[in-house]
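Here the sequence shown stands for residues 1 to 608, numbered as in full-length UniProt numbering.
Hints may be right or wrong, so weigh each one.
[Unchecked claim] Keeping only pairs whose Cα atoms sit at most 30 Å apart, straight-line, the calculated DSS-like set for lysine-lysine is:
| # | residue 1 | residue 2 |
| --- | --- | --- |
| 1 | K448 | K24 |
| 2 | K101 | K233 |
| 3 | K233 | K456 |
[Said to hold, decoys possible] The following label-pair restraints were derived from C-beta to C-beta distances:
| # | residue 1 | residue 2 | range |
| --- | --- | --- | --- |
| 4 | A473 | F360 | 35 to 45 Å |
| 5 | G553 | R316 | 53 to 63 Å |
| 6 | K281 | M386 | 31 to 41 Å |
| 7 | M9 | G495 | 58 to 68 Å |
| 8 | N556 | Y374 | 30 to 40 Å |
| 9 | R316 | F477 | 52 to 62 Å |
| 10 | F411 | I2 | 46 to 56 Å |
| 11 | D595 | P492 | 42 to 52 Å |
| 12 | K281 | L66 | 20 to 30 Å |
| 13 | F21 | I412 | 39 to 49 Å |
Just so you know, the hints here were simulated from the structure itself, not pulled from any lab data. Ideal placement from N, C-alpha and C gives every residue a C-beta, glycine not left out.
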Amino acid sequence: MISFILGLMLLITPFLVVVLFKDKKIGFIFVLFCSILFHVILALATQMLGIFYYGIIIGVTFVADLILLFFVFKKLKASSFPATAGSRPWRDKFQVSSFKKIDWALIFVIIVGFLTLYQVHYNYTGKINLATDRQVGYHEVKNMQYVYPYFSDEWYSVALIQNSVTNHALAITNPFDNSFFLNLELFFHSFLAEIILILTLNPLTQYTLLSIFFNLLILVLVYIFLRINNLSKNICAISALSLLYITCGANMPGLWNLIPFNMGIIMFLMLIIFVSLKNLKMVLVSSILGSLFYPPLFIFYFLGLASTFFESYKHRKDFLFKIIGFLLLFLFVFAPVVYVILMISPLSNAVNYIFSRLFFVSFTAPYITQYAIYNMILWPVILLAMLGLVFVFKNKKYLFFQFLCGTLMWFIYSFTINRFMVEGERIVILTSIIITMIAGFGIVEVEKYFVSKKFKIKYLQIIEIFILILFLAFIPFYTQRESWRNLTLLEPKSGSLGFPKAPANNYLIYDDLRIFKNIKNARFLSIPWKGTVIGTATNNYPVVTKEGTISMGKENTINNFLNADCSGKNYIAYNLNIEYVYLYDFTCPEFEKVDQSTEGLILYKYKK
Numbered sequence: 001m002i003s004f005i006l007g008l009m010l011l012i013t014p015f016l017v018v019v020l021f022k023d024k025k026i027g028f029i030f031v032l033f034c035s036i037l038f039h040v041i042l043a044l045a046t047q048m049l050g051i052f053y054y055g056i057i058i059g060v061t062f063v064a065d066l067i068l069l070f071f072v073f074k075k076l077k078a079s080s081f082p083a084t085a086g087s088r089p090w091r092d093k094f095q096v097s098s099f100k101k102i103d104w105a106l107i108f109v110i111i112v113g114f115l116t117l118y119q120v121h122y123n124y125t126g127k128i129n130l131a132t133d134r135q136v137g138y139h140e141v142k143n144m145q146y147v148y149p150y151f152s153d154e155w156y157s158v159a160l161i162q163n164s165v166t167n168h169a170l171a172i173t174n175p176f177d178n179s180f181f182l183n184l185e186l187f188f189h190s191f192l193a194e195i196i197l198i199l200t201l202n203p204l205t206q207y208t209l210l211s212i213f214f215n216l217l218i219l220v221l222v223y224i225f226l227r228i229n230n231l232s233k234n235i236c237a238i239s240a241l242s243l244l245y246i247t248c249g250a251n252m253p254g255l256w257n258l259i260p261f262n263m264g265i266i267m268f269l270m271l272i273i274f275v276s277l278k279n280l281k282m283v284l285v286s287s288i289l290g291s292l293f294y295p296p297l298f299i300f301y302f303l304g305l306a307s308t309f310f311e312s313y314k315h316r317k318d319f320l321f322k323i324i325g326f327l328l329l330f331l332f333v334f335a336p337v338v339y340v341i342l343m344i345s346p347l348s349n350a351v352n353y354i355f356s357r358l359f360f361v362s363f364t365a366p367y368i369t370q371y372a373i374y375n376m377i378l379w380p381v382i383l384l385a386m387l388g389l390v391f392v393f394k395n396k397k398y399l400f401f402q403f404l405c406g407t408l409m410w411f412i413y414s415f416t417i418n419r420f421m422v423e424g425e426r427i428v429i430l431t432s433i434i435i436t437m438i439a440g441f442g443i444v445e446v447e448k449y450f451v452s453k454k455f456k457i458k459y460l461q462i463i464e465i466f467i468l469i470l471f472l473a474f475i476p477f478y479t480q481r482e483s484w485r486n487l488t489l490l491e492p493k494s495g496s497l498g499f500p501k502a503p504a505n506n507y508l509i510y511d512d513l514r515i516f517k518n519i520k521n522a523r524f525l526s527i528p529w530k531g532t533v534i535g536t537a538t539n540n541y542p543v544v545t546k547e548g549t550i551s552m553g554k555e556n557t558i559n560n561f562l563n564a565d566c567s568g569k570n571y572i573a574y575n576l577n578i579e580y581v582y583l584y585d586f587t588c589p590e591f592e593k594v595d596q597s598t599e600g601l602i603l604y605k606y607k608k
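Could you build all of it, start to finish, from the sequences and the hints given here?
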């Protein structure tokens with residue numbers, strides 16, 4: 001606990017710099033961005049050098065904080081506050097500027113957001129799935145506490161982070177076979193590994209706490225974005241809390257999860273805040289950092305950068321034409337040359353893999369996604385967004401073009417299994433967030449209309465407060481919403497539907513941990529989800545895992561093994577170098593029964 005408090009204090013200390021900013025919201029954004037950048041650089045540098053140890057991370061952060069505190073106090077002492085007998089100018093300024101006004105609406109957003117997201121893992125009531133479900137079916141639970149991740153890429157993040165912390169190195173080693181892993185989301189895993197190390201958290205059981213924090217940060221950033229754009233506090237709070245009701249599903253990662261995509265959203269929100277502030281340098285840096293955290297959202301970062309650039313230089317057309325010329329020259333001359341050089345170099349395999357992620361087929365193939373907007377976003381939010389869209393088009397074109405790009409890709413993905421750069425589910429979530437933000441401007445338009453009709457503003461404020469109270473009242477029922485059941489898939493040739501699994505699950509159970517407690521670094525064969533969760537939780541090597549950031553083996557290996565006779569099972573186990581099998585009941589002399597779980601899975605030891 002002491003080490004956790006120490007780490008937390010070191011992470012919070014830089015935010016004292018906010019006192020130096022006239023606008024504390026803007027100060028918070030700048031400090032947050034710089035803090036993320038600092039810890040990313042620190043994580044990557046120490047991991048590359050093989051010195052990624054707790055003492056070094058704490059020591060460097062402590063020294064950096066001391067330097068920062070010295071700078072803050074020096075600035076405050078040099079302030080223009082008149083010094084009178086017995087006064088301390090820097091202390092007086094700190095007290096006046098920091099505590100004069102408290103943003104109670106923001107505090108309300110943080111409290112309600114935390115209590116709501118807390119329900120997801122620590123007090124879940126609703127439907128779940130189990131790893132042993134052979135068909136899509138649901139199990140009802142009440143007040144379930146499940147401290148482990150839900151989404152497959154969360155599990156792979158945990159595995160990569162554990163590997164990085166244990167080996168004091170970059171997360172470029174496959175934790176399931178110790179081979180080299182081309183990690184395109186390295187920045188995310190390195191950054192989280194550093195945060196987990198400095199806070200001395202257990203990646204397996206406390207990753208979900210980080211999930212709550214980072215998704216809460218998304219709410220805060222949306223609130224700040226709208227406040228910077230002069231919306232009232234109540235409207236900002238309503239818009240921010242409405243994000244909680246964007247539908248999450250088993251294959252629809254949103255505010256219930258923490259994957260590289262969530263960090264991409266955070267960087268996107270900071271980027272559009274910098275766009276609002278017309279700060280071209282910060283827009284450029286945030287677009288680069290965002291692309292490194294989650295490369296598939298590059299097109300959205302580029303749109304933000306391009307809109308700010310053209311806005312800054314729209315009166316210098318000669319300069320703009322030169323820049324466009326350089327871009328075209330790079331695109332059609334230098335880029336092809338660089339590509340050819342890379343293809344004949346030892347990096348050709350890595351280049352091929354990267355390009356394979358530009359144009360690819362959805363993991364849902366041959367099914368086409370059926371994600372209607374009214375199944376993703378609350379109806380009132382959709383209607384308000386329609387009203388706010390006109391204002392955004394006239395006054396916030398950078399946000400309008402983000403909306404246009406997202407909705408266009410969402411629409412196209414509804415008719416094809418082909419994808420460009422980013423999966424359809426990520427596009428749907430990001431676009432839903434943008435629409436919810438636009439709805440905030442829609443509320444302003446509604447209020448303008450009522451005010452023009454001589455409707456008293458205090459009554460509008462009472463309605464806003466009532467809506468905010470509703471968010472608080474619905475917290476106990478949050479996880480019982482079942483809008484995710486409408487996120488179906490369609491097979492166009494046969495017309496058959498694919499039905500979704502629940503957004504929550506219980507894929508890792510106590511028996512799994514008990515049975516594998518004394519087994520380490522062993523290759524085992526189990527159903528894909530069990531392979532993923534057990535491999536991550538027990539430091540063993542699954543032959544088959546759930547498809548995601550890391551994919552091991554093929555799912556049909558399980559059916560081939562179960563359907564084979566004893567000689568066939570022996571052949572498969574021998575060729576795959578399997579030591580244990582954790583599957584449904586079968587009898588073969590080469591496989592010795594060791595233990596059985598409450599789910600009916602049996603652990604067999606393979607006798608070679």
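Here's how the hints hold up against the structure:
1. At roughly 28 Å between alpha-carbon atoms, K448 and K24 fall within 30 Å of each other, so this suggested pair holds.
2. Proximity of K101 to K233 is assessed by CA-CA distance (about 13 Å); at most 30 Å being required, the pair is judged to hold.
3. A C-alpha spacing of about 18 Å is found between K233 and K456, which places the hinted pair at or below 30 Å, so the restraint holds.
4. For the pair A473 and F360, the beta carbons lie near 44 Å from each other, so the given range of 35 to 45 Å is met.
5. Checked against the hint of 53 to 63 Å, the C-beta distance between G553 and R316 comes to roughly 57 Å, which is consistent with it.
6. K281 and M386 have their C-beta atoms about 35 Å apart, which keeps the hinted 31 to 41 Å range intact.
7. In this structure, M9 and G495 meet the distance hint of 58 to 68 Å, their C-beta atoms being roughly 59 Å apart.
8. Range check, N556 to Y374: about 37 Å between beta-carbon atoms, so the 30 to 40 Å window is met.
9. Checked against the given bound of 52 to 62 Å, the beta carbons of R316 and F477, roughly 55 Å apart, stay inside it.
10. Between F411 and I2 the C-beta distance comes to about 53 Å, which sits within the given range of 46 to 56 Å.
11. Distance hint check for D595 and P492: the Cβ-Cβ separation is about 45 Å, which falls inside the suggested range of 42 to 52 Å.
12. At roughly 27 Å, the beta-carbon separation of K281 and L66 lies within the given 20 to 30 Å, and the hint holds.
13. One distance hint, 39 to 49 Å for the beta-carbon pair F21 and I412, holds here, with the actual separation near 42 Å.
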